[in-house]
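6 protein chains.
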Amino acid sequence: MFTHSQEHVDPDLIRIEANIDDMNPEWIPYVMDKLFEKGANDAVFIPVIMKKGRPGFMFQILASKDRLNEMEDVLFAETTTLGLRYSPVICHRLSRKQTKVETRWGTIRVKTGSYRNRLVQVAPEYEDCARIARNHGVPLKDVYHEARREFDL
Amino acid sequence: MFTHSQEHVDPDLIRIEANIDDMNPEWIPYVMDKLFEKGANDAVFIPVIMKKGRPGFMFQILASKDRLNEMEDVLFAETTTLGLRYSPVICHRLSRKQTKVETRWGTIRVKTGSYRNRLVQVAPEYEDCARIARNHGVPLKDVYHEARREFDL
Amino acid sequence: MFTHSQEHVDPDLIRIEANIDDMNPEWIPYVMDKLFEKGANDAVFIPVIMKKGRPGFMFQILASKDRLNEMEDVLFAETTTLGLRYSPVICHRLSRKQTKVETRWGTIRVKTGSYRNRLVQVAPEYEDCARIARNHGVPLKDVYHEARREFDL
Amino acid sequence: MFTHSQEHVDPDLIRIEANIDDMNPEWIPYVMDKLFEKGANDAVFIPVIMKKGRPGFMFQILASKDRLNEMEDVLFAETTTLGLRYSPVICHRLSRKQTKVETRWGTIRVKTGSYRNRLVQVAPEYEDCARIARNHGVPLKDVYHEARREFDL
Amino acid sequence: MFTHSQEHVDPDLIRIEANIDDMNPEWIPYVMDKLFEKGANDAVFIPVIMKKGRPGFMFQILASKDRLNEMEDVLFAETTTLGLRYSPVICHRLSRKQTKVETRWGTIRVKTGSYRNRLVQVAPEYEDCARIARNHGVPLKDVYHEARREFDL
Amino acid sequence: MFTHSQEHVDPDLIRIEANIDDMNPEWIPYVMDKLFEKGANDAVFIPVIMKKGRPGFMFQILASKDRLNEMEDVLFAETTTLGLRYSPVICHRLSRKQTKVETRWGTIRVKTGSYRNRLVQVAPEYEDCARIARNHGVPLKDVYHEARREFDL
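Protein chains in written order, with the working numbering: chain S, 1 to 153; chain G, 1 to 153; chain H, 1 to 153; chain L, 1 to 153; chain Y, 1 to 153; chain W, 1 to 153.
It is possible that part of the hints are untrue.
In silico EDC-like pairs for lysine to aspartate or glutamate, Cα to Cα no more than 16 angstroms straight-line [to be verified]:
id, chain 1, residue 1, chain 2, residue 2
1, L, Lys-111, H, Asp-22
2, Y, Lys-111, Y, Asp-152
3, S, Lys-65, S, Asp-10
4, H, Lys-65, H, Asp-42
5, L, Lys-52, W, Asp-22
6, Y, Lys-97, Y, Glu-125
7, L, Lys-100, L, Asp-128
8, H, Lys-52, S, Asp-33
9, S, Lys-52, G, Glu-127
10, G, Lys-52, Y, Glu-127
11, W, Lys-52, H, Glu-125
12, H, Lys-52, L, Asp-33
13, G, Lys-97, G, Asp-12
14, Y, Lys-111, Y, Glu-150
15, S, Lys-100, S, Glu-127
16, Y, Lys-111, G, Asp-22
17, S, Lys-51, G, Glu-37
18, L, Lys-52, W, Glu-37
19, G, Lys-111, S, Asp-22
20, W, Lys-51, H, Asp-33
21, Y, Lys-52, S, Glu-125
22, W, Lys-51, H, Asp-42
23, S, Lys-111, S, Glu-127
24, W, Lys-51, W, Asp-22
25, H, Lys-52, L, Glu-37
26, H, Lys-51, L, Asp-33
27, S, Lys-52, S, Asp-33
28, S, Lys-65, S, Asp-12
29, H, Lys-111, H, Glu-125
30, H, Lys-100, H, Asp-152
31, L, Lys-51, W, Glu-125
32, L, Lys-52, W, Asp-33
33, L, Lys-51, W, Glu-37
34, W, Lys-52, H, Asp-22
35, H, Lys-51, L, Glu-127
36, G, Lys-38, G, Asp-66
I should point out that these hints are in silico values taken from the structure, not numbers from a laboratory. Here the structure is a predicted model, which means the values were calculated and not measured.
Go ahead and model the full structure; you've got the sequences and the hints to work with.
Listed below in structure tokens is the structure:
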């Protein structure tokens with residue numbers, strides 16, 4: 001999947017939030033997976049402290065406005081929240097391109113990002129690096145460094 | 001207090017935030033209580049890292065717009081912040097209803113939430129469960145599970 | 001309750017820990033209260049990240065060795081853990097004394113701590129300060145500062 | 001895999017720790033997986049703040065003493081630490097048993113824990129619940145609640 | 001530098017955010033310094049948990065709208081993010097004034113804040129207190145307390 | 001300062017801990033600096049939640065046993081704690097060596113660590129990289145990558 005997208009500003013995003021203090025944390029990765037399957041652009045949860053000193057989690061999801069319904073479906077079904085709040089946000093996305101590099105252990109995809117036509121980000125793909133590290137019995141960090149070095153040369 | 005409220009979207013909310021790095025954390029629960037007394041819908045604080053590597057707390061309060069003054073009164077009086085920032089948010093609240101269940105140790109209120117007329121949330125009241133657990137010398141988690149089971153049956 | 005205890009080293013303490021990822025966080029303050037009722041010297045919980053990226057909580061309790069059974073009773077009954085680990089620790093406690101100061105709003109107890117006969121800690125009692133702040137409608141921080149100032153003068 | 005183990009105290013454990021502030025956090029789940037593959041009993045990482053206000057992570061691993069070498073091999077190879085510290089800990093493990101329950105959507109394994117011959121823990125297996133939730137299109141939390149209810153009845 | 005600014009509401013601020021999971025945390029204080037040099041009003045980072053259970057950091061910057069370009073220049077150059085999101089916020093800033101107090105160890109600047117013409121904040125300058133504590137070999141907390149006491153008297 | 005130290009196990013270390021909920025977080029970096037000046041090997045603080053839902057900080061210091069007095073002097077003078085607890089730990093330190101690399105912008109020191117005579121850690125010095133990034137107006141991350149690449153070649 002070699003993709004290329006232009007740098008752009010997307011004005012039609014929405015940030016969705018809920019604070020939850022009564023949910024088994026074991027379920028959180030499942031909720032996150034569901035949100036991404038249904039089209040979330042990003043999703044994080046943040047340890048927070050709530051009313052009466054209760055520890056809890058803030059979910060914060062970023063999605064395009066037309067995905068609000070899908071996000072709500074997941075959050076109301078899979079978490080214990082009684083409400084969601086949202087507000088519009090604007091997103092500035094870099095031009096992204098996927099390329100690949102050859103390492104001594106095989107090919108690794110590298111995602112790059114450009115800001116005003118200047119290359120600023122270079123990210124070897126985690127999945128490729130982890131697979132190679134595992135299969136060749138080399139440290140993951142060495143695979144990253146070699147992928148990065150090959151890109152630079 | 002058996003209440004019932006319809007599912008609705010409330011467009012007149014405001015998120016109020018401050019980052020604070022010079023306040024005795026012992027005072028935080030007091031501030032939280034005050035905010036809820038003055039009508040906050042929700043209030044959390046989040047451990048953050050600020051300028052010069054200083055640990056601090058982000059307060060994040062959700063209130064209806066017409067409570068902004070009361071929230072500011074509390075925050076400027078009770079915290080050490082020199083500024084507050086705010087932005088509008090929209091809140092989608094589930095239909096809420098309070099019912100009760102009978103357990104072997106007594107009655108427990110249960111709050112439920114419905115999303116598009118489908119029951120999605122069932123939450124035994126903490127105060128009831130904690131009182132029963134304490135008075136009957138049973139684990140709190142067993143009280144929750146029995147309350148939940150009785151609701152389901 | 002005006003107490004005075006000498007500076008000493010207590011060699012008979014134990015640190016008890018558990019990592020928990022499948023427990024409703026709403027129950028945590030209840031567990032903490034129980035631990036203190038049964039004689040814990042200190043108890044904290046720490047947000048951690050566990051196996052498979054699951055968020056969880058590490059409980060860490062400090063108690064005298066002869067309270068290990070009581071602590072285990074609470075933790076196995078009230079949390080969801082399947083195991084506890086412990087290790088001995090030594091505690092150096094300052095000489096503690098309780099005194100009181102007069103403020104314009106009434107008397108406030110102040111706890112002090114001395115290290116090698118030098119006064120190093122001065123802590124107005126939260127409960128007194130909070131009660132006065134509430135009853136007199138003054139900011140809690142002003143009550144603390146006045147209590148501290150009266151102590152110093 | 002239906003297992004049963006007796007309640008016991010294991011005196012031959014070791015807690016291994018490192019504080020790390022210069023490692024790509026993307027690598028952490030990989031490190032965790034490796035540690036478990038090599039026999040770690042438990043492994044968590046904790047967000048901490050280090051020298052000069054740098055955010056970092058504390059790794060904390062629990063393993064039997066005879067696994068110290070394997071743990072060190074992973075940690076020195078896969079993280080960026082220049083040192084590890086360790087100390088002995090004792091672990092009290094509950095009697096564990098695996099049973100299963102029938103729900104309307106299929107069989108779910110349930111792990112139980114007993115403390116002094118009293119059943120205190122009941123934990124439906126995450127993997128079974130997640131698979132069923134996914135395959136039957138039902139909320140994960142409903143699957144948990146039904147598994148738990150079936151166990152209790 | 002003795003300054004005085006009136007209490008006011010600034011409607012032209014912007015909150016800029018990015019979630020980052022693949023950046024060496026050692027670089028974060030450097031990024032923060034750069035943001036403040038380029039005019040950020042405030043900047044914090046928050047430990048969060050991201051996709052696939054990866055720990056990460058949310059950067060949250062507050063700046064005036066006309067600094068958006070400078071903030072983007074820093075964030076795209078110095079972090080590893082491929083996108084930034086932003087949304088407008090309004091800031092209510094207290095009237096601020098700088099005064100000074102004399103302590104037994106020398107002069108300390110004190111920043112004050114007034115809300116509706118009532119003095120609510122009193123903050124001894126960290127840099128002055130730290131310098132004095134260091135030069136005179138006294139505990140920093142004693143310097144703060146004396147500065148505060150002198151202000152009150 | 002080009003140093004070389006052999007891989008070794010140091011059995012004479014001590015972990016010192018305190019949980020603090022009533023201290024101005026602004027003072028924490030000062031405390032940390034003092035601890036390192038007085039010989040701490042490592043020092044971190046961890047956001048925790050304490051009694052009554054109060055947020056606080058756990059300080060955790062690692063020092064050689066013969067520095068216990070100096071550490072206590074700092075902690076009792078500069079924090080608000082009324083007690084410290086400690087326990088022995090053993091530290092396994094890699095062989096460390098300092099070397100240097102030439103980049104297009106100048107010389108950068110690189111610290112390396114070897115485990116059983118195998119090079120496992122390579123860390124460009126933050127101070128050198130930050131100075132160069134600042135002086136040459138290049139992104140800090142580019143300086144790190146080039147230093148690392150030069151080391152590998």
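Lys-111(S) and Glu-127(S) were given as a pair; does the straight-line alpha-carbon distance stay at or below 16 angstroms? 12 angstroms, holds
Between Lys-51(H) and Glu-127(L), does the CA-CA distance stay at or below 16 angstroms? With Cα atoms ~13 angstroms apart, Lys-51(H) and Glu-127(L) stay inside 16 angstroms; holds.
Between the alpha carbons of Lys-52(S) and Glu-127(G), is the straight-line distance 16 angstroms or under? Holds - the C-alpha atoms of Glu-127(G) and Lys-52(S) are around 12 angstroms apart, at most 16 angstroms.
Is Lys-52(S) within 16 angstroms of Asp-33(S), Cα to Cα? 30 angstroms, violated
Is the hinted pair Lys-65(S) and Asp-12(S) satisfied, with a Cα-Cα distance of at most 16 angstroms? Between Lys-65(S) and Asp-12(S) the Cα gap is close to 6 angstroms, so the pair holds against 16 angstroms.
Starting from Lys-111(Y), check that the Cα of Asp-22(G) is at most 16 angstroms away, please. 12 angstroms, holds
Do the alpha carbons of Lys-65(S) and Asp-10(S) lie within 16 angstroms of each other, as the hint requires? The hint holds at about 11 angstroms.
Mind checking the alpha carbons of Lys-51(L) and Glu-37(W) for me, to see if they're no more than 16 angstroms apart? Holds - the C-alpha atoms of Glu-37(W) and Lys-51(L) are around 12 angstroms apart, at most 16 angstroms.
Hey, Lys-111(H) versus Glu-125(H), does the alpha-carbon distance stay inside 16 angstroms? Given that 16 angstroms is the threshold and the Cα spacing comes to 7 angstroms, the pair holds.
For Lys-52(W) and Asp-22(H), compute the direct alpha-carbon distance and say whether it is at most 16 angstroms. 22 angstroms, violated
Hint check: Lys-52(L) vs Asp-33(W), CA-CA at most 16 angstroms. Holds or violated? Satisfied, since the Cα-Cα distance of roughly 8 angstroms is no more than 16 angstroms.
Holds or violated: Lys-97(Y) with Glu-125(Y), Cα cutoff 16 angstroms? The given pair, whose Cα atoms are some 12 angstroms apart, holds under the 16 angstroms limit.
Hint check: violations occur at hints 5, 13, 27 and 34; the rest are consistent with the structure.
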